[in-house]
Amino acid sequence: MTAVSQQQKHFPALSALGACLLPATLSGCSSAPGFLDPQGPIARAQLGHFWFVVAMLAIVILPVLVLTPLILWRYRYGTSRAAYRPKWELTLWLDILIWGIPILIVVILSVVLWRQTHQLDPYRPLHSDQPPLEIQVVGYDWKWLFIYPEQHIATLGQLIVPVGRPVAFDLTSATVLQTFFIPALGSQIDVMNRMQTTLHLLADREGEFEGRNMQYNGDGFHEQRFTARAVNAQDFARFVADTRHEGIPLDQHNYRILARKGSTLEAAKALGESVTLPDDPLVRFSAVPDGLFDAIMRDAPLDWSELSPTTGGSATSAPATPHDTGGETSNPSASAASTTITTQGESAS
Amino acid sequence: MTVTEILFGRLGWDALPFWHMLQNPTFKSVINDLIASGAGLMVVLGALVVVAGVSWLGKWGYLWREWLTSPDHKRIGIMFIVIALVMLARAIVEAVFMRAQQAVGLNGGFLTAEHFGQLFTTHGTIMVFFMGMPFLTGVINYVMPLQIGARDLSFPVLNLVSLGLTAAGAALVMVSLVLEPFSTGGWTGYAPFTELSYNPGAGVDYWIWAVSLSTFSSTLSGINFAVTIYKKRAPGMTLFRMPLFTWTALCTAILMIFGMPPLTVATGLLALDRYLDFHMFTTDLGGNMMNYVNLFWAFGHPEVYILILPAFGVFSEVFATFSGKRLYGYTVLVMATICIAVLSFTVWLHHFFTMGQSANVNAAFGIATMLIGIPTGVKVYDWMLTMYRGRVRMSVPMIYAVGFILLFVLGGMSGVILATPSVDYQVHNSLFLVAHFHNMLIPGVLFGMLAAVNYWFPKAFGFRLEERWGRRAAWLWILGFMLAFFPLYVLGMMGMPRRSVSFTNPAYLPWTVIAGIGALVALAALACLLLQLWVSVRDRDHNRVFAGDPWDGRSLEWATSAPPPEYNFPVIPEIYGRDAFMLEKDGGTPFQAPTQYQDIVMPANSAMGVIIGAAGFAAAFALTWYMWWLVVLSAVVMIGAAIARGFVRTTHYVISADEVRRTHEYWLREVEATTPIRRSQEQSGANRGRAVPPVEGAVQ
Ligand code: HEM
Ligand SMILES: [Cu+2]
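So the sequences go chain by chain: A and B.
Note that UniProt numbering has the first sequence beginning at 1, numbered continuously upward.
Note that UniProt numbering has the second sequence beginning at 1, numbered continuously upward.
A few of these clues could be false.
[As the list claims (entries may be wrong)] When the alpha-carbon atoms are kept at most 25 angstroms apart in a straight line, the in silico SDA-like pairs for lysine to any residue are as follows:
#	chain 1	residue 1	chain 2	residue 2
1	A	K87	B	L239
2	A	K87	B	A15
3	A	K87	B	T560
4	A	K269	B	S502
5	A	K261	B	T26
6	A	K87	B	S502
7	A	K261	B	L239
Think of the hints as simulated: they come from the structure by calculation, not from any bench.
Treat the numbers as computed from the prediction; the structure is a model and nothing was measured.
With the sequences and hints as input, model every part of the structure.
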């Protein structure tokens, strides 16, 4: 049971209403997974909260929409049937009403907002009987690299996650500000160079969801998409194993190609992948060195001789590189000196 | 360095909009460069037509004496509004291009990504800094001194300088159509995308200097307005007797004073980064881009209230006047305005909930934002209650006002949705956000300012605007807005990001097509507006309202002739209550001749505005293109002009009491000769600007 999945119970009726009404009337029932058709507990709770806010606000807005035309008609110029009070300017109880109701609504909304903001905080780990899968995300111009540190693999173009298991993302940018977002699963979060942000998501249904960058970052912005695939545990294990064997090594040469400006597709071609589906390229990397993410995050010049290449082997056998724990604190001047790379020792997984 | 490099800096042939097409003719580059060259040509032609026209009419002297150097707040206000209308036309055309691109944007479209980036950046920058700001500054300039019974602003020459700076910024944005490129960083110009390492070209520099000119101008205007309202009110005009528009002008002025400098600082620091290798917002050497975002929105949120508050003021006047009734809850509305102004400084973080701060911070700012909804909601109900038990006349300003109320509450709803962090995580940066802020800005700012034009135009020019084209324009704006932006709510919820030149999801297409049609309707609305102006000028003799009170107005500005004399009031009026002019009309004593006239001292013409504006433009242009000699030269001119101004001795001139008496008595005779009309004749040629006693007139 994840913590947030209880959340949706707060507004079950509203969620149901929203889920049927809006997609049905507005975009047809075949709408792709997204905010309106959530595929995980966070996104579902967000949609519920959305409809809750709409319903609460309707209390103050509907009267405006209904009464304004009525007033306009009843008190139109030339009528003789309605009262005319040109000097009337205040009635106390009316004023109490027009202040009181909005205040009450805002109080209710605030209480819910406070709780929801904490409950759905992207930094908040999701409780689950399964340990979270760690994924490190790096934004480039104009593509995303997904590093699976425990598995020592990485992908470009597709993000593959096991269904039902929480995913803990650590994110950074190798370039300008970007925003990482998988609408069907939940929150978006900014990624910034030299900073790390965190995001916890969970997919509770298998499927393919669109993911993308939401923050404009130049000419290729509109192409900075990826496909998030939620697959079952076996398929995930197979994907990891296949990637280890078939993936191209993420070495200095390939990294250079990867980091160049350009779309995922362009990178895939440059890396020598035969791309069959132009919309949905997948590049798999094996032998992802430890500490790559931290090095990118700190914008340290990558010193590949120090990044330990971890070839294919099992995750647990990955040797921890000797590391400089002093570099742990983000010291801007560290980058000027030699590369300091921290590896997180293998956690028990 | 060659001489050309010294003279022209980095300005080269490649800045011409058709250069790329000649160098590298592909289908797309030709299309895009043709569009860009067409736009550049419009600018050049427009400038030529104006110059030729003025020369042909032999009006340079008139233009110089009566307008460009005139310290009259009314003239300056009108010039601000002219700038706003010109820039509005350009920005709407750009919007149509963006909408057209997205209407065919499934897997492509006709615009390049670079071109699209420049379009949304110039559109946003213009709409905020060179349409919204000059428009409201112009309206406040024109109306506020008249409403408080003053002859001018406190600092008339400073007012000219404000105008000059805004004009310089607008001109810079216009020139960027001829000598390209402009920034692609959006109206927000977020670092580090706008840093030299990611964007080395001239585009971002254009943006920095255009915006800086505008923020300087607005800060100065804010100071000018606030001081005027504090110091120059007529005797008896206590704060709580000020018309609501003046109240909103005061709150806006205070917001300008405190809200504009953060942006001046942010763009200034960004300029230091770009020009002098500072590292304020870079990713390396200790820079931090989050500081930019923080500073930008410390300006940005107050800014949206700077834009909206004057519109609230306009609507308050319009609702009361066209309902033939006192404003409901005046004191409450004032309180609500003050609440909004103060709270607007406490919510800026809602623009970046997703930047990774703690849930406590996000929740606190989310709640603060919702608090603003309370006074805003109260205002809406106060306006409804103003119509309630009134006699509502659906004239053009009123159509805008009613459209505003009905649409604005929807924008308010999406605003509260965006203020809810957990939901914002889903719709931030999407077209939902674009729909939201247009839903506030178009019914709010644009309708407010257009209502103001329709409402006060007869005061400013002495004849009413033609009603039929006005109605058409108003309805088309409303319809166009709904078609163009309601689909964006849906697109946003479907996950479509803002600022996307194209997309791959076919489900978006129907909605982008509808939005494209909406943009065309808005363009038609703009055309109706221009036609309305044209027809009104053509038929002006039919619609003259020299007596000055075409709408049975309530506040002081209606107690003057239309147009008012340059000194506004022959003697400064004494104020006995709220709705000062209505009080007089109720008491049966409007249009009194003063017992005694005195000489009036008025500020003399000054070329300071033109000089500072021209030098400001030259400096900004030179900085953009690295023409250092010109930077130095314009700085010398500006400083020199400021010093020289200190030696000017003829800063005022005197209008004799005799002349004032003659002018006033002539007007009073004309008023006497004008037949008062009932409100049912408001739109007919019989309306010469005098109303029958109020209550009687308002119920037929
Ligand atoms: C009917 C008139 C208008 C139309 C059709 C229109 C259309 C658009 C479009 C298509 C965009 C780009 C959306 C995107 O990011 O994908 C945009 C952005 C924007 N518009 Fe408008 N707009 C209109 C009026 C206005 C007005 C009146 C204002 C302000 C007073 C305004 C302010 C802005 C701003 C600030 C942006 C954001 C630019 C950026 O992304 O940096 N617009 N508009
Ligand atoms: Cu804001």
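Now the hints, each set against the structure:
no.	hint	result
1	A:K87 / B:L239	holds (20 angstroms)
2	A:K87 / B:A15	violated (63 angstroms)
3	A:K87 / B:T560	holds (24 angstroms)
4	A:K269 / B:S502	holds (22 angstroms)
5	A:K261 / B:T26	holds (22 angstroms)
6	A:K87 / B:S502	violated (56 angstroms)
7	A:K261 / B:L239	violated (59 angstroms)
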